[in-house]
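Q: Full structure from sequences and hints, please.
Residue numbers (this note's numbering), protein chains in the order written: chain A, 1 to 314; chain B, 1 to 314; chain C, 1 to 314; chain D, 1 to 314.
Think of the hints as simulated: they come from the structure by calculation, not from any bench. Quick reminder that beta carbons are idealized off the backbone N, C-alpha and C, glycines included. It is possible that some hints are incorrect.
[Claimed, not checked] Computed footprint of chain A on chain D, listed as stretches where at least three residues anywhere in the stretch have a Cβ under 8 Å from a Cβ of chain A: (1) 44 to 50; (2) 162 to 172; (3) 196 to 210.
Below are the chains, spelled out letter by letter.
Protein chains: 4
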Amino acid sequence: MNIDLHGIIPPIVTPLKNENEIDEQGLKQLIEHIVAGGVHGIFLLGTTGEATSLSYQVRKEFIEKACLIINNRVPVVVGITDTSVRGSLEMAAVAKKSGADALVISTPYYLPMSQQEFVNYLNYLTPKLPLPFLLYNMPGCTKMHMSVETVKAAYQLGAIGIKDSSGDMGYLYALQEAFKNNPDFSVICGTELFLPESVTFGGKGAVPGGANIFPKIFVNLYEAAVNNDLNKISKLREIVIQIEKKIYNIGKDNSKYIKSIKCALSVIGICDDFVAQPFERFEKKECDLLRTNLHELIETYPEIKAEFNTLKTT
Amino acid sequence: MNIDLHGIIPPIVTPLKNENEIDEQGLKQLIEHIVAGGVHGIFLLGTTGEATSLSYQVRKEFIEKACLIINNRVPVVVGITDTSVRGSLEMAAVAKKSGADALVISTPYYLPMSQQEFVNYLNYLTPKLPLPFLLYNMPGCTKMHMSVETVKAAYQLGAIGIKDSSGDMGYLYALQEAFKNNPDFSVICGTELFLPESVTFGGKGAVPGGANIFPKIFVNLYEAAVNNDLNKISKLREIVIQIEKKIYNIGKDNSKYIKSIKCALSVIGICDDFVAQPFERFEKKECDLLRTNLHELIETYPEIKAEFNTLKTT
Amino acid sequence: MNIDLHGIIPPIVTPLKNENEIDEQGLKQLIEHIVAGGVHGIFLLGTTGEATSLSYQVRKEFIEKACLIINNRVPVVVGITDTSVRGSLEMAAVAKKSGADALVISTPYYLPMSQQEFVNYLNYLTPKLPLPFLLYNMPGCTKMHMSVETVKAAYQLGAIGIKDSSGDMGYLYALQEAFKNNPDFSVICGTELFLPESVTFGGKGAVPGGANIFPKIFVNLYEAAVNNDLNKISKLREIVIQIEKKIYNIGKDNSKYIKSIKCALSVIGICDDFVAQPFERFEKKECDLLRTNLHELIETYPEIKAEFNTLKTT
Amino acid sequence: MNIDLHGIIPPIVTPLKNENEIDEQGLKQLIEHIVAGGVHGIFLLGTTGEATSLSYQVRKEFIEKACLIINNRVPVVVGITDTSVRGSLEMAAVAKKSGADALVISTPYYLPMSQQEFVNYLNYLTPKLPLPFLLYNMPGCTKMHMSVETVKAAYQLGAIGIKDSSGDMGYLYALQEAFKNNPDFSVICGTELFLPESVTFGGKGAVPGGANIFPKIFVNLYEAAVNNDLNKISKLREIVIQIEKKIYNIGKDNSKYIKSIKCALSVIGICDDFVAQPFERFEKKECDLLRTNLHELIETYPEIKAEFNTLKTT
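A: Given below as structure tokens:
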């Protein structure tokens with residue numbers, strides 16, 4: 001039960017051929033790509049993984065297949081939160097059976113919840129879990145921002161960490177301060193941009209969506225932060241900012257983030273760019289722009305070029 | 001395919017014995033109670049029905065059992081929206097097979113959506129639906145407030161109406177104005193308090209959670225609005241306000257609304273007060289207060305007493 | 001000290017020649033226009049009056065000149081709220097000296113305030129006021145939505161009423177319910193669209209910005225509501241909705257509301273359309289569209305034509 | 001016109017004896033305290049300075065007196081934003097005449113503004129300013145979050161920098177990135193906690209309210225950031241977090257921040273703790289707790305003790 005969560009833990013996309021079918025070849029290539037990049041763990045079925053858009057059947061198959069491919073090379077954490085508690089527990093059972101290392105618990109996301117109600121829910125749910133769990137704070141999707149007190153209550157219930165995707169750096173620091181004497185609790189940053197600060201001052205790592213495409217960049221940034229190498233941080237952060245500008249920022253609306261990562265993975269030959277409803281993959285125009293921008297980044301930054309040494313981009 | 005949605009269409013609670021078992025006796029009694037109260041339709045698996053908290057299995061059973069009991073005495077509409085489109089379509093198929101009359105479509109509620117993205121989603125989903133559909137605007141839960149333009153686009157796709165639970169009366173009027181020349185589109189009010197205004201000026205009806213407990217009160221209020229009987233409206237509205245104060249307002253947090261309705265139904269002997277996770281039923285103290293308040297209302301208002309002539313309250 | 005606030009109380013615009021000079025001729029014509037329209041009171045220096053954009057000097061002159069022209073024909077209430085309490089008290093003194101009937105108190109609008117802090121502020125301020133006061137709930141500008149409890153506390157301190165511009169009809173009803181047995185407290189509606197509902201069920205009147213241009217329409221709508229004349233309400237409400245669509249809805253951003261009213265007043269020959277910084281009057285294109293729309297409304301609705309019998313529109 | 005804004009620029013409180021009278025002795029002591037602490041500039045009439053709560057007369061006197069005492073030892077910037085453009089320009093003239101170095105422009109804070117409307121306003125206002133200006137982004141008070149594009153437009157109009165108090169670190173980094181090649185534009189951090197990150201990666205300094213009490217702590221933290229001394233940063237940041245917990249966090253509501261700083265300054269013998277309406281100074285109980293906490297901090301951290309070597313705390 002001793003899982004050490006730290007470093008770069010990409011929230012992997014769920015490669016799909018269509019609504020009901022996993023792109024298995026793509027999944028295999030994706031996992032090999034990021035493991036080769038040196039990542040320290042893998043997060044299945046997060047927001048970037050389109051978990052809530054998938055049927056239970058697809059979610060279950062995905063956990064099984066991904067765990068099989070990963071084959072214990074790095075720790076695997078699995079998002080299980082559903083609005084239905086039975087749904088959550090079913091996913092937890094599959095994760096356990098497939099050999100995953102920990103579960104990720106967010107807030108049931110339809111009915112608005114208070115802090116106390118969420119703590120009550122954790123009291124009900126967590127004793128039934130077959131694996132260690134960490135929290136996932138994602139107020140932009142769940143409408144609920146876990147207070148530091150709530151996170152402390154979860155720690156009492158056995159939580160081994162939290163991934164914070166609130167985008168609120170003051171809050172992230174408050175978490176790190178609150179748990180600085182608890183080495184058995186990992187505060188993990190969900191905002192790519194805050195990775196170096198977070199790690200420099202006590203955070204354990206990050207869950208960057210961009211590490212699907214550029215695992216080494218983020219692994220190197222993490223190591224630069226661990227080593228307090230400010231020059232390297234500064235250089236790599238600039239690349240991260242350019243990635244945000246040139247890749248994630250194509251298209252419109254919030255869904256562009258998922259679409260652009262899947263599109264980029266398709267461009268570099270990793271997997272299909274199919275996006276599950278309620279969204280759809282990029283149209284050709286957006287995809288072409290992304291391809292152009294990606295090639296530009298490859299030409300500009302040797303660090304990015306190094307990511308794709310063995311890959312053939314279209 | 002000619003369904004005339006109007007009047008009082010209670011969003012019925014889902015009576016449960018536990019997380020996985022429907023309280024069938026309770027469901028039967030609930031339906032008889034509200035049909036006896038004169039309601040004009042029944043809405044299954046809305047927010048009051050805790051749809052998102054239930055497993056697919058329970059949702060499916062509930063649709064089947066409820067339709068069987070209702071037995072075409074009034075039109076039945078069924079909420080099918082899930083974050084997964086496959087989940088939504090499965091519920092739609094069960095609703096069709098069970099003899100329901102229409103489907104209710106809300107916004108997939110985890111990933112934030114733009115208006116255009118929701119319209120795209122409707123374009124994908126609605127041609128696959130086996131029954132007519134209406135929209136359900138519930139921004140407090142879904143984070144998305146359907147614009148009038150979006151509702152018009154849905155109408156072009158075949159929507160037969162909208163239930164608006166935004167609580168924004170200006171918006172409700174804007175909808176009624178926009179569709180005043182479209183008798184095939186029903187604007188239905190989801191906020192109990194606005195029922196008389198809405199109906200007086202062109203709205204077709206309401207979906208009041210309180211009609212689970214007090215169906216006649218709401219049916220009478222609807223008829224008073226249809227008949228422009230301002231004295232009666234004024235008198236019944238006062239009762240509705242008292243119900244809100246004395247029943248829904250017990251306990252804390254948003255979930256008190258669902259808890260209090262189930263508790264009241266238990267007090268009047270209709271069904272179990274079990275509430276599905278992530279919430280829990282009232283504790284004894286809250287339930288006792290609700291019982292006291294309900295008896296007070298019964299003593300104060302003959303209209304409320306009349307609701308329970310044939311029922312024995314605890 | 002016995003002021004009966006009810007009916008249509010237009011929040012008049014502040015006609016200006018430039019940032020520092022009142023358009024006196026325009027002010028005179030505006031007041032004659034709305035008094036001829038049968039309004040029941042006049043509200044100086046509200047949001048529509050651009051109070052916060054004006055220097056103290058201009059605000060003071062405006063109070064003096066307006067009171068002189070109104071000459072006690074209808075009650076006058078004056079918005080005095082400033083972020084500085086000294087500023088508020090200076091305006092209060094000018095209002096008293098000029099013969100105004102009551103003061104309007106909003107929330108100091110820069111630093112965010114809690115309910116309790118606002119009540120404390122009222123405890124400090126209101127004993128120093130030389131005239132009766134009413135509250136002005138305007139959360140869109142002040143960031144603070146006065147709770148019903150706060151309004152009750154203000155009533156204990158002597159408040160004679162509240163103008164609610166929250167746009168939240170549930171709240172407006174809650175206020176009317178809370179004060180239904182207090183005839184010395186007037187709940188007044190700040191949202192034009194809600195005027196008939198509010199008045200039908202216990203509200204005392206409205207403060208409609210559109211009554212600067214169309215005073216008779218709103219006076220007639222008020223009277224229809226008082227007389228429960230639903231046919232007339234329905235007909236006049238349609239006109240109000242058309243006014244919103246065709247007049248207020250020109251241009252962009254929130255400021256279009258003030259700009260469009262001033263532009264319309266200029267088109268009908270009442271006063272200058274100068275708008276104080278931080279905003280600016282409409283550009284020619286927007287003004288031309290407004291003129292076209294206004295003429296269309298005049299041709300379509302005899303009730304609007306009647307407003308301008310004695311006026312020459314450009 | 002060559003002003004180099006960088007380092008620690010405390011937003012000083014406005015010491016008051018009462019609503020209308022400046023505590024001159026306190027002001028003198030405050031300025032000597034922070035200049036002795038090594039600050040690099042002083043910001044008059046910001047949010048911490050209660051600018052909007054003060055009458056014009058007090059604001060003007062304050063600018064004059066503060067500039068006289070500072071006597072060009074460090075650059076002085078003056079917040080001038082008022083809802084009335086005339087009010088803003090009057091303050092600007094007084095600042096110029098008193099020898100201040102630059103003006104600080106925020107958004108007029110009553111009427112909601114769009115980005116474009118704010119840019120239009122800057123186009124109108126800034127050519128009339130007698131001194132260089134910087135922006136002040138304070139959406140929590142003004143309801144408007146200046147976009148990066150808006151800040152770029154202001155730079156074209158001559159802005160020499162921005163103080164960002166949004167609390168949004170992603171935005172702060174985006175600003176720093178946008179202006180990294182513009183040495184004539186200073187991005188200055190308004191959130192104490194983000195000072196080291198901001199400065200480490202290109203920010204020019206900070207405007208920390210706590211530097212009223214602890215100027216040396218913040219000056220040292222700034223220098224540690226400039227020197228990339230991570231150990232020192234880590235140690236001083238812990239102190240800043242403790243200050244936040246033990247000093248600012250006393251009392252309730254947002255106003256506790258201003259109240260606690262003034263109370264602490266009173267406890268260390270610098271100035272009166274009078275707080276202008278709409279707020280009030282701490283009650284005795286809160287003040288006693290703050291005193292106890294402050295003494296605890298002094299005993300715990302030699303760095304804090306060093307701040308008050310020459311001061312006698314009560």
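Q: So, for every hint listed, does it hold in this structure?
A: Going through the hints against the structure:
Remark: the segment 44 to 50 of chain D is not confirmed as covered by chain A, as 0 of its residues place a Cβ nearer than 8 Å to a Cβ of that chain, below the required three. Check on the segment 162 to 172 of chain D: 4 of its residues sit with their Cβ under 8 Å from a Cβ of chain A, so the three-residue criterion for coverage holds. Three residues within the 8 Å Cβ limit are the bar, and the segment 196 to 210 of chain D against chain A gives 3, so the coverage statement holds.
Violated hint: 1 only; the structure is consistent with all others.
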